[in-house]
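Colleague: First to last, the sequence lines map onto chains R and W.
So for the first sequence, my numbering puts the first residue at 23; every next one is plus one.
So for the second sequence, my numbering puts the first residue at 218; every next one is plus one.
FYI, nobody ran anything at the bench for these hints, they're computed from the structure.
Some hints here could point you the wrong way.
Said to hold, decoys possible - Stretches of chain R that chain W covers, calculated by requiring three or more beta carbons in the stretch to come under 8 Å of a beta carbon on chain W:
| id | stretch |
| --- | --- |
| 1 | 72-82 |
| 2 | 151-159 |
| 3 | 264-275 |
Claimed, not checked - Where chain W lies over chain R, by a calculated footprint (3+ residues, C-beta under 8 Å):
| id | stretch |
| --- | --- |
| 4 | 137-147 |
| 5 | 162-170 |
| 6 | 185-192 |
| 7 | 212-222 |
Only a predicted model underlies this, so the values are computations on that prediction, with no experimental measurement involved.
All C-beta atoms in this analysis are idealised placements derived from N, C-alpha and C, irrespective of residue type, glycine included.
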Amino acid sequence: MATVTYRQALRDTLRAEMLRDENVLLMGEEIGLFEGSYKITEGLLKEFGPRRVRDTPIAEEGFVGAAIGAAMLGLRPVVEIMTINFSLLALDQIVNHAAKIYGMFGGQASVPLVIRTPGGGGQQLGATHSQNVELFYAFIPGLKVVAPSTPAEASAMLKAAIRDDDPVLFLENLALYNTKGELPDAIDAVEPAEIGRAAVTRPGTDITIIGYSRMARVAAEVADTLAAEGISAEVVDLRSLRPLDRETIVASVRRTGCAVVAEDDWLTYGIGAEIAATVQEGAFDWLDAPVRRVAMAEVPLPYAKSLETAALPSAGSLLTAVRATLAATGRALEPAS
Amino acid sequence: MAETPTRSAARSAGEAAPARARRSRGPRTPRPGPGLPQPPDTAGAEAPDTAVPAAPDTAGTLVGFYRQMLLVRRFEERAARAYTEAKIGGYCHLNLGEEATVVGLMAALRPTDYLFTNYREHGYALAKGIGADRVMAELYGRSTGVSKGWGGSMHLFDAEARLLGGYGIVGGQVPLAAGAALAVSYKGGDDVVMCQMGDGTTAIGGFHEALNIAALWDLPAVFVVVNNGLGMGTAVERSAAEPELWKRGAAYRMASARVDGTDVVAVRDAARLAVERARSESRPYLLEAVSPRLKGHSVVDPARYRSKEEKDALKDADPVARTARRLADAGILSPEDRDRIDAEVTAEVEAAAAFADASPQPDVSTLFDYTYATPVAGEQRRLPADPVFRS
Chain R
23 MATVTYRQAL
33 RDTLRAEMLR
43 DENVLLMGEE
53 IGLFEGSYKI
63 TEGLLKEFGP
73 RRVRDTPIAE
83 EGFVGAAIGA
93 AMLGLRPVVE
103 IMTINFSLLA
113 LDQIVNHAAK
123 IYGMFGGQAS
133 VPLVIRTPGG
143 GGQQLGATHS
153 QNVELFYAFI
163 PGLKVVAPST
173 PAEASAMLKA
183 AIRDDDPVLF
193 LENLALYNTK
203 GELPDAIDAV
213 EPAEIGRAAV
223 TRPGTDITII
233 GYSRMARVAA
243 EVADTLAAEG
253 ISAEVVDLRS
263 LRPLDRETIV
273 ASVRRTGCAV
283 VAEDDWLTYG
293 IGAEIAATVQ
303 EGAFDWLDAP
313 VRRVAMAEVP
323 LPYAKSLETA
333 ALPSAGSLLT
343 AVRATLAATG
353 RALEPAS
Chain W
218 MAETPTRSAA
228 RSAGEAAPAR
238 ARRSRGPRTP
248 RPGPGLPQPP
258 DTAGAEAPDT
268 AVPAAPDTAG
278 TLVGFYRQML
288 LVRRFEERAA
298 RAYTEAKIGG
308 YCHLNLGEEA
318 TVVGLMAALR
328 PTDYLFTNYR
338 EHGYALAKGI
348 GADRVMAELY
358 GRSTGVSKGW
368 GGSMHLFDAE
378 ARLLGGYGIV
388 GGQVPLAAGA
398 ALAVSYKGGD
408 DVVMCQMGDG
418 TTAIGGFHEA
428 LNIAALWDLP
438 AVFVVVNNGL
448 GMGTAVERSA
458 AEPELWKRGA
468 AYRMASARVD
478 GTDVVAVRDA
488 ARLAVERARS
498 ESRPYLLEAV
508 SPRLKGHSVV
518 DPARYRSKEE
528 KDALKDADPV
538 ARTARRLADA
548 GILSPEDRDR
558 IDAEVTAEVE
568 AAAAFADASP
578 QPDVSTLFDY
588 TYATPVAGEQ
598 RRLPADPVFR
608 S
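Build the full structure now, drawing on both the sequences and the hints.
Modeller: Okay, structure coming up:
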């Protein structure tokens, strides 16, 4: 095993998939000569040439649509949209075309397309460059939305997404690119993940923390802190937002009796709302306290560091919510001795 | 060219007010009619040859075109009737008046060439070789339809005929077609992708993005704007700052031309030039075919925004009648032949309607069959009142 960054895991996996399958090609703004705004595609133009690593004009609707059309004829394009904010320019192609073509034509053409795109705030990029709008895509039948939180998951999930015959929105996060984790030395040894499965990444007995992408990582940190206090938190990493693995969520909450959802998007109508509804539908009788959600403050994210930091969910805010939820259960917790 | 009094008046008013020079732009979309200028306009960094090296058409070919045009005409009339009988739901846009364009364009394609269209595409499906019965069954929402009843009038698709979809969102198909052409080129094939759209589509961003990409990447795509003069009820001159739509190709150094869409042979020749250029040189092309829409935007639209004079002028522009007259004048279509062809295509269309009517609607058990091509864990397969968890 080697320790690699999330960025490196993505890059090595893209390369491996391109070597494996001639039909895999990359498209996006600045992915070739510039080697990617976040350097995920570093070195790939040099290795594979401009036929397979295609710099596009700044035309999200155009190049995402073109990728869909290419996928209809059997290519497996992996599109990079520089940030998820810009995916809004391609919303019609993603929602009205990529997601519809398989069903609308009675299963005659599938769209094996991957759209990689990072969300996330915290970089002082201001209101239009810091959003988390994965919900828009997670809402749409016909799309699959995955949101891995570690380099190993990112690699396994990207392989699965590329080999899948449906359009997959692959959510990354700016704050994750430099995070590190273990990956087999030979990237070929990484098994493709199963899309649609959440994972209990840390077993526990007192409370369930449910997160995805960056917040799954924050949840793991918070679980460490709580462990030092003698509190056993179980962490569920959703990994897939659509389909949503409701069974794993509910099974966990049935074990722990309470839950906090950690999400980087806005609270109202957000991903956490669906998780909370799922918990009450599947574990109502097991709940000792209301489900709480930790989510971004409902403002256009400001530039100033003080305001930005205050608005974003963090380990601190998650800890507060976990403690409040545990208190609301009325359980007498044994303090750590 | 025949201009309606309304439009002439509008132009005169504009010319009388030079201070509002932008308004003085007259209608640049020729009103289809008997006096329409015949030679296509052409442009492009490398303007194509206007001479089309092709053998003269045989009487059989020309009568074949007429037959196909009449099939489209009778099919659309039958569809309109079925719509008023509530056999067809949703929206229903007809190719009435566009038969020469439809048939001419399809005659320029090889069977292996791909076609993307918008939602006004029944005729294209027929002319691409799909049986009238399966097209009508799709309009009726039956499992025997080309899209198994999942698409309806706006979303015809047939993988075998390489009709890669009618699309209901204006402009949605244009980037898709560029991408399909990329796939053809990537795999080293010599197929061409034709992308049909209406005049209104030239105002959509995706049109420009796709044409730019197609030109940058030298893709074998032929973009065809069928200019019927109206985006729903809005005249081209009211929505396009450059109403000579074919000229938009110049912005992408794309060869482009305009052709009289009521002349099936002219359309076929112009399209053949575009298609063969795309095939042999892998260069995209923009073709504008000017052709009237004889009726409203869709079956339910009485087109009250058209004056009586405009409606009367349309009768002269009817490409089916025009073609019949031409063929009769040339001595290759007798009144008896015409009646016989009419009876045959009418019978074909009636049989299609009967087939559609007798076909079953898709079984409800198939509701979840086409959400995903790759099965996936956790997919919700519930009807509205079903609980999320069954236990």
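Colleague: Does each hint hold? Answer for all of them.
Modeller: The hints, checked one at a time:
1. With 5 residues having a beta carbon nearer than 8 Å to a beta carbon of chain W, the stretch 72-82 of chain R meets the requirement of three or more and the stated coverage holds.
2. Taking a C-beta to C-beta cut-off of 8 Å, the stretch 151-159 of chain R contributes 0 residues in contact with chain W, too few for the three needed, and the coverage statement is violated.
3. Counting residues of the stretch 264-275 of chain R whose C-beta lies closer than 8 Å to any C-beta of chain W gives 6; at least three are required, and the coverage claim holds.
4. Counting residues of the stretch 137-147 of chain R whose CB lies closer than 8 Å to any CB of chain W gives 0, so the stated coverage by that chain is violated, three being the minimum.
5. Given a C-beta distance limit of less than 8 Å, the hint that chain W covers the stretch 162-170 of chain R holds, as 3 residues qualify and 3 suffice.
6. Check result for the stretch 185-192 of chain R against chain W: holds, 3 residues qualifying (beta carbon to beta carbon below 8 Å, three or more required).
7. Coverage of the stretch 212-222 of chain R by chain W holds [criterion: at least 3 residues with CB-CB distance below 8 Å; count 4].
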